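Quick mapping for you: the protein sequence lines, in order, are chains W and V. Going by this note's numbering, the first sequence opens with residue 1, and the numbers climb by one from there. Going by this note's numbering, the second sequence opens with residue 1, and the numbers climb by one from there.
Please keep in mind that the hints were generated in silico from the structure rather than gathered at the bench. Since this is a predicted model, take the numbers as computed values, not measurements. Warning: the hint list may mix true and false statements.
Calculated cross-link-like contacts (lysine-lysine; reagent style DSSO-like; alpha-carbon spacing at most 30 Å) [as the list claims (entries may be wrong)]: (1) W:49 with V:101; (2) V:236 with V:49; (3) V:49 with W:101.
Incomplete in silico selection of chain V near chain W, CB under 8 Å [stated by the list, open to error]: (4) 67; (5) 75; (6) 253.
Between beta-carbon pairs, the in silico distance windows are [as the list claims (entries may be wrong)]: (7) V:98 with W:242: 55 to 61 Å; (8) W:32 with V:131: 20 to 26 Å; (9) W:170 with V:36: 21 to 27 Å; (10) V:194 with W:130: 48 to 54 Å; (11) V:131 with W:36: 18 to 24 Å; (12) V:291 with W:258: 51 to 57 Å; (13) V:133 with W:292: 48 to 54 Å; (14) V:140 with W:170: 46 to 52 Å; (15) W:191 with V:10: 36 to 42 Å.
Where a beta carbon is used, it is the ideal one built from N, C-alpha and C, also for glycine.
Okay, here's what each chain looks like letter by letter:
2 protein chains.
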Amino acid sequence: MTSPLLVAMPGNERLAMELAEAVGFELGGLETRQFPDGETYLRFVTTPKGRSVAIICTLAHPNEKILPLIFSAATARELGASKVGLISPYLAYMRQDRRFKPGEAVTSRQVAHLLSDAFDWLITVDPHLHRYGSLSEIYRIPTRVVHAAPLISQWVKSKVTNPLIIGPDSESEQWVAAVAKDAGAPFSVLEKVRRGDRDVEIKLKNLDAWTGRTPVLVDDIISTGRTMIEAVRLLKSHGWAPPVCIAVHGLFADNSDVFLAQLGAQVVTSNSVPHGTNDIGVGKMLAGALSEFSTISS
Amino acid sequence: MTSPLLVAMPGNERLAMELAEAVGFELGGLETRQFPDGETYLRFVTTPKGRSVAIICTLAHPNEKILPLIFSAATARELGASKVGLISPYLAYMRQDRRFKPGEAVTSRQVAHLLSDAFDWLITVDPHLHRYGSLSEIYRIPTRVVHAAPLISQWVKSKVTNPLIIGPDSESEQWVAAVAKDAGAPFSVLEKVRRGDRDVEIKLKNLDAWTGRTPVLVDDIISTGRTMIEAVRLLKSHGWAPPVCIAVHGLFADNSDVFLAQLGAQVVTSNSVPHGTNDIGVGKMLAGALSEFSTISS
């Protein structure tokens, strides 16, 4: 039987190479370019005929990526792929998870619908599940979730002396506690009041017991980074050492990476979204999920 | 019975107002914005419940537009719309209409599939049908096509003295002949050899019989405008007056509008894609198609 084919959408080549090697998939060639009018040209250079195909595409800035991604999946199928799956290290559109005001689009469901139509299975890293208990509430296809928490713990343990883990809000407490436990560190969480997309007020709990430790702020996503930026400012104003800021997914909207660096924070992210701050590799865990996911070959 | 609702995607407000007034549809409010991370927020301000909904969205630069458009259609349905149709004055992705090389995505079919899933009907202006005989070959929903040729003839008749209509290639001869006939003008077509997306060689036929007329170059689309630009240069080098360049759809990739203007050509387009060169209004014809399209209310 021919081995499964792994195909990278533009910008995902590095992780694709790592994954293909780890799991013994063939790395397939995909030719893509933009026509002068902005339309996408796409061609499978390696034929997917009769093969299981995994397409890797992280979905930061999803609007311009999802259409070409759907083209790839549909083309693989037309060319005779037996199965077509999606590895999306960062899965977008998880935050609009209910109609907060009448008339709103619940885009998380709509994107899940489109991707469930296009793909047979999905693997992702720490999706932003807030009001959903699991991806199966909105995705109709088998899904596997890779958890980066152990990787964060490992990173902290090996790189930070005397860490104090600080989570973004009380809702994240369980996740933060697990990260801290594995890192052998104490933890706290911020008190957070969100007033809008870009307006978040936060407060520090009493951290006197851990004076002298290096604060390590952890979150699943840094987008505008308002929480992180405010937390770094607060910690500095209370005389703490410049913190380390760790996120699974570094989206860095509004130049938040620059602001954090200017405040003296060390920013670290996983490579779920390619960025200069990537220092935590999710490749091995994704490879594990790929190998164990029986849906792919069945 | 409540009147149908017309809703404009961003950038389509002007034509939407004109259309709503012409056909007696209510112009509905749609709130859209981008979250800091690039995701789209979308909300129907006017409820589509129990109503027939027409969404207007021209599709120049389609990649970032199609996802929000699909969100709108899905949301209208979730909110109880009885039917949801699409008015797309410029319909994108019509050019990749077969697999020219093995492995290529036939994106025209894939986009047709997505839009046929999302909408109940489609109205558009002069889609770029090349190898397809009609939209029904790829769209599974009822479609209506508005033809701008009579509007071009009218414009030429009222604005150009002694015109000579020149079409882009022999394949367009029938269309060009019809435009010329209605404008009461003679016509010719260019001889065209396409070598790539941006590389087109053209030749003029013998035009001696019409010396002294104003050349009027017509085409369905100006994208990179290579054909038009070369034709303008050729005509000028043969001593002709600066030509008028007319297209139904002005996409103007690679600043072709600027190049044409620099060569002294007068550029005129329909308002299917909003642009400073718009001088041919398709609103009335779209309104006619909307009024006569029984699918909408049935």
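Now for the hints, and whether the structure bears them out:
The hinted pair formed by residue 49 of chain W and residue 101 of chain V meets the criterion: a straight-line CA distance of about 15 Å does not exceed 30 Å. A threshold of 30 Å between alpha carbons decides the hint, and for residue 236 of chain V with residue 49 of chain V the separation of about 58 Å lies outside it, so the pair is violated. Restraint check for residue 49 of chain V and residue 101 of chain W: satisfied, since their Cα atoms lie roughly 15 Å apart, inside the 30 Å limit. At about 5 Å, the closest approach between the beta carbon of residue 67 of chain V and any beta carbon in chain W falls short of 8 Å, and the interface hint on this residue holds.
Restraint check, residue 75 of chain V versus chain W: the minimum CB separation of about 4 Å is within 8 Å; hint holds. Nearest Cβ of chain W to the Cβ of residue 253 of chain V: about 4 Å, under the 8 Å cut. The hint holds. Range check, residue 98 of chain V to residue 242 of chain W: about 59 Å between beta-carbon atoms, so the 55 to 61 Å window is met. For the hinted restraint 20 to 26 Å between residue 32 of chain W and residue 131 of chain V, the CB-CB distance of approximately 22 Å keeps it satisfied.
For the pair residue 170 of chain W and residue 36 of chain V, the beta carbons lie near 23 Å from each other, so the given range of 21 to 27 Å is met. For the hinted restraint 48 to 54 Å between residue 194 of chain V and residue 130 of chain W, the CB-CB distance of approximately 51 Å keeps it satisfied. Remark: the range hint 18 to 24 Å for residue 131 of chain V to residue 36 of chain W is upheld by a beta-carbon distance near 20 Å. About 54 Å separates the C-beta atoms of residue 291 of chain V and residue 258 of chain W, a value consistent with the hinted range of 51 to 57 Å.
For the pair residue 133 of chain V and residue 292 of chain W, the beta carbons lie near 49 Å from each other, so the given range of 48 to 54 Å is met. One distance hint, 46 to 52 Å for the beta-carbon pair residue 140 of chain V and residue 170 of chain W, holds here, with the actual separation near 49 Å. For residue 191 of chain W paired with residue 10 of chain V, a C-beta distance near 37 Å keeps the hint of 36 to 42 Å intact.
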